[in-house]
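Assembling the complex is the task here: the two chains are given apart, and the hints tell you how they should meet.
As given, the protein sequences belong to chains A and B, one line each in that order. Our numbering puts the first residue of the first sequence at 17, with every later residue one more than the last. Our numbering puts the first residue of the second sequence at 26, with every later residue one more than the last.
I should point out that these hints are in silico values taken from the structure, not numbers from a laboratory. Computed from a prediction, not measured in an experiment: that's the story for all the values here. For glycine and all other residues, C-beta sits at the position ideal for the given N, C-alpha and C. Keep in mind that the hints are not guaranteed to be accurate.
Derived, one-sided and incomplete: chain A residues facing chain B with beta-carbon distance under 7 Å [said to hold, decoys possible]:
1. L326
2. D329
3. G400
4. R403
5. A407
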Amino acid sequence: MAGGERPRRGSRASMTARLLLKALLVHNGRIGVALASLAVGAAVVSALCGLYLDISIKMSEELRAYGANFILSPVPQEDAGDDAGDGAQGLPLGRLTAALQEIPAERLVGASPFLHGLARLDLGNAVIVGVDFAGLRALSPYWQVEGTWVGVSFDTRNAMVGRHLADTMELGVGDTVTIQDRALARRAEVTIRGIVDTGGREDDQLFVGLEVAGAVLGLEDRADFIMASVVAEGAEADALAAAVSAADPAVTGRPIRRISANDGEILDRIDGLMAVVAATILVITTLCVNATLTAMVAKRAPEIGLQKALGADDRAIVRQFLSETTILCVVGVTAGLILGYGLAQILGQAVFGSWVAFRPVVVPVTLGVSLAAALIAAVLPVRGAVRVAPARVLRGE
Amino acid sequence: MDAQMDAQMDAESADAPLPRDADTLSPGGGAAAAPAADVIRLAGLTRRFGAVTALDAVDMEVAAGEFVAIMGPSGSGKTTLLNILSLLDTPSAGSYVLDGIDTSRVTENERVVIRRRKIGLVFQQFHLIPYLNAVENIMLAQHYHSVSDRDEAMEALAGVGLADRASHLPSQLSGGEQQRVCIARALINDPALIMADEPTGNLDEANESLVMDLLQALNARGRTIVLVTHNPDLGARADRIFRLRHGRGDA
Chain A
17 MAGGERPRRG SRASMTARLL LKALLVHNGR IGVALASLAV GAAVVSALCG LYLDISIKMS
77 EELRAYGANF ILSPVPQEDA GDDAGDGAQG LPLGRLTAAL QEIPAERLVG ASPFLHGLAR
137 LDLGNAVIVG VDFAGLRALS PYWQVEGTWV GVSFDTRNAM VGRHLADTME LGVGDTVTIQ
197 DRALARRAEV TIRGIVDTGG REDDQLFVGL EVAGAVLGLE DRADFIMASV VAEGAEADAL
257 AAAVSAADPA VTGRPIRRIS ANDGEILDRI DGLMAVVAAT ILVITTLCVN ATLTAMVAKR
317 APEIGLQKAL GADDRAIVRQ FLSETTILCV VGVTAGLILG YGLAQILGQA VFGSWVAFRP
377 VVVPVTLGVS LAAALIAAVL PVRGAVRVAP ARVLRGE
Chain B
26 MDAQMDAQMD AESADAPLPR DADTLSPGGG AAAAPAADVI RLAGLTRRFG AVTALDAVDM
86 EVAAGEFVAI MGPSGSGKTT LLNILSLLDT PSAGSYVLDG IDTSRVTENE RVVIRRRKIG
146 LVFQQFHLIP YLNAVENIML AQHYHSVSDR DEAMEALAGV GLADRASHLP SQLSGGEQQR
206 VCIARALIND PALIMADEPT GNLDEANESL VMDLLQALNA RGRTIVLVTH NPDLGARADR
266 IFRLRHGRGD A
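Looking at chain B on its own, in the form it has when it is part of the complex (with noise of 0.2 Å):
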């Protein structure tokens, strides 16, 4: 199994450098031609907190490459859909294949495995390691993920236009500047999947346009993207709105 592979690789690793993650469908580069599979197929998805049940039966998918925003009011179930679709939540019921993997007959350490290769964080209060600088908050998703690679940091540090910032600790930056520290640090394993959580809810109307306008061109770029909002606006600029209301889906 994939992911038991994966989990044998991460095991084996120790200290040498490894390949990247390369064995299974890669979004990453290319073209965004039409989709080959679903990196998001739900079926049936429940999550309930003792008597509340706070998503009943979501089915969903999303192709490899789409840009898909989740949006509802809150209190529909974003946040809970949110943590499942990244494994850091478990359903109650129902299944969630991940990348053509079923992540509900995997083990926690396997679910660690295939968050850490599979699943780009993006969050609305950015999450940056207060006392790294902004190249080595990026080189701590690589360390977990396989090695850390200052030169390949740099390059994606430069990617979000932040070459010149890279020895800055997070408090030197402004908020749109840590956003695209994130950006960048959930793209540096190449996941198949980039999941942005209000990326821009702490921003000023020009670093939104900024993270939205980088967001939408790694799209381009055939990257897979699910974000949450509750702004219509930014939904717009998504290819197609998920919409949650009261724990059910409406696609």
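Chain A with its partners taken away, still in its complex shape (with noise of 0.2 Å):
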């Protein structure tokens, strides 16, 4: 037996590896609630990260599309000199989207034109708008509409009304409303597709395609103005507006600067948003793994008891547990990145319709974060571990 006088062949490494495996085994379901926790913070944290990094620009577009933040507009009689057109309302629609032309169609999230004018309908007068359906479409995705889009751009048949309209004239889905001038000379007949709720001015009126408009206000081809939502910031905007506006003299391009400047703004404010749910998620992950880990330290009390009186000191206390505590992570980690993969798909198909692109650097930024979180845990646990005391623990107190 002992007292062999030939030096002992092994390696502590393998020793080392046992222990931990089998303690960890041991314990597996008391470290499944770890492991589940380190598992949702890092499928959270790495499914927010790829989002953060894969669809902000995408989630600019999108913003962006929330309203129009550009207008052609015809220039102001006085400046426009000779040039300034017949002096009738707006200007004709084909110089107006000639000048459109000069921002590139990769720019153009969408558009259109817009003729406003006072008619005369079944239970009395109100504002209705000629525009492109498809465009409008485009320019306001977040309108609330009950029944349907009209989905043709310059659809004659069918209209949209504003909700508060919609109730004053005692209109629903799918009747018929005639429009007339109000001299009653021009009149059309129209099917209601859609009633809108914007909780703004498009409350109170009446969508139409723009050749109706046109018709019944006597003002065939004309557009008051063009709404676009065009992806470009800043100077670039600027730029485009110069181009517009050098394109026709008749013709003056701006972008809108309040929902510009506004992107940005919410942008951050949803980078912020995502930040604090993955604190959030981080430290609940944090609490878990502190709660099972100073529950495991307190049943295996013994078992340290016992490895401190057998010669461990406190370096292969510390070293064993925070190893555990690394393992943890890593398996954890890796099934929470693979879970954070699919759930940043499904929520990039949710609220961006669009897949996420797999980066490699959400592994080590996810890798880091959670093992920081861990080792953060471990830290009261460990020193409990260091703590223990042989003495009273072997004999059961």
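In structure tokens:
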């Protein structure tokens, strides 16, 4: 038996690994909770990280589409000189659309001409607005619509009506309404396809195809202005405005600053919100891992006491528990990364309607953040393990 | 100093196999000739817990190769004395020289090193790690001493008659078998002193006898053994009985 004279053959690493793995396997029920919380934490962190990296451009496009941010309108008469048109309302549609060509197609989210006028409906007067329905939808994706959007750009038979006007005029989806000019000289009939709720002035307007509005108002092929949603900021937007203005002396293009500036703010707020969610999840993960490790240390106190009695120093105990925590963390984070990638896809599809690309940088970020959370969680339990008094626990006190 | 040397050796050990600890007298092997020196020497050892004096100026010597039983009623200070002898507790006053090392002059880390190199512990509750099998439990003591060596651990297991139980978990072993694994573990690092705390307290008569025979056989081969018991029959099997009463020694 003991007392052999030959040097021992073996490695410390193999016994360390055996001790770690067996300890983790035997306590699998207890560490399951920690593992699950680490996995969920890592999933949320990696999903938000992926979204943050991949979606911010798309998100900025989406936000820009929340309302027009560019307007092409006629130059005021007194500044326009001879080329100011014919003195009638708005400009010929052809000149406005020609000027719109100055905005590269890949920068243009959507655009619609607008022609406003007062008309007589069956039960009273109302503002009618001639639009390009497809363009209007691209400009106003956030509108709440009862019924359906009119799908064809210049639909001459269908219309959409604002909620308030619909209530006043007793209009419902599927109803037909007659529109006449105030002299009752021109008329058109349209069917209501959708009732819109915007909370703005649109709630009192009737939207019809531009052609219908032009015919009723006697303003064929004219528009007051074109509203557009453009992917460009600051100087870039100014350059586009200058290009539009230069294309036709009667047309002026300008970005609508208020919305563009808000984009950045909203993005910052969403980034902040994601950071808060990630931080909250990490705090919960930390508490969960802490609770598990604390319970594990309490349960293993006799084992820790024995190891100390056999000659394990504090460093060995600290090493063992931190190694166990690290292994837990790596396993949990691996599962969490896979989960998180799936979660990012679900969120990407649900919120932005696009897939999220895999970004390798998400892996070290998630691992680093999770490891930091787990190691912070381990500080107090490990300190507890180091303080285990072998004399006490070995006697079952 | 011995302990410092050991500590240094320990720090340098890293992953390389170490030669066995043979720096000081080694009671293992050879005949139990006249002891060359005391393994334990206590002088005026006192341990107070607040106002309570658990040990009161205890003097005691245990020579190398001796088998001493510490006996006394409950509350006499047996456990406190055992903790101090095992370096799991420190005295309030007095000195404890273990195998030539004055333990009152060493740091906490050095105490750990001395414990792993010079003391083998046998517990009443065995204290085997439940998820390690018999041979791995012995290898754990090797691991904290230097490096684990399965062949040597298997030899130790064979030495207590459990070679065929190597891969059994503690839960698959009887109480007597667990205690024999515990004894093999206590011996594996060739300690100067084996401390056995009520080693048969949880065993039936047959196993009690087996374990005592084993301890006596070890003593016959020159091992120094300190047995704590309240059982007079077991005490009678030691070379000498050291009695404790109200924290005072009475050799």
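Status of the hints after comparison with the structure:
Annotation: interface hint on L326 of chain A holds; nearest CB of chain B at approximately 5 Å, less than 7 Å. Taking 7 Å as the C-beta cut-off, the interface hint given for D329 of chain A holds, the closest approach to chain B being about 5 Å. The restraint placing G400 of chain A at the interface with chain B is violated, with a minimum CB-CB distance near 18 Å, outside the 7 Å limit. With a least beta-carbon distance of about 13 Å to chain B, the hint placing R403 of chain A at the interface is violated under the 7 Å criterion.
Nearest Cβ of chain B to the Cβ of A407 of chain A: about 4 Å, under the 7 Å cut. The hint holds.
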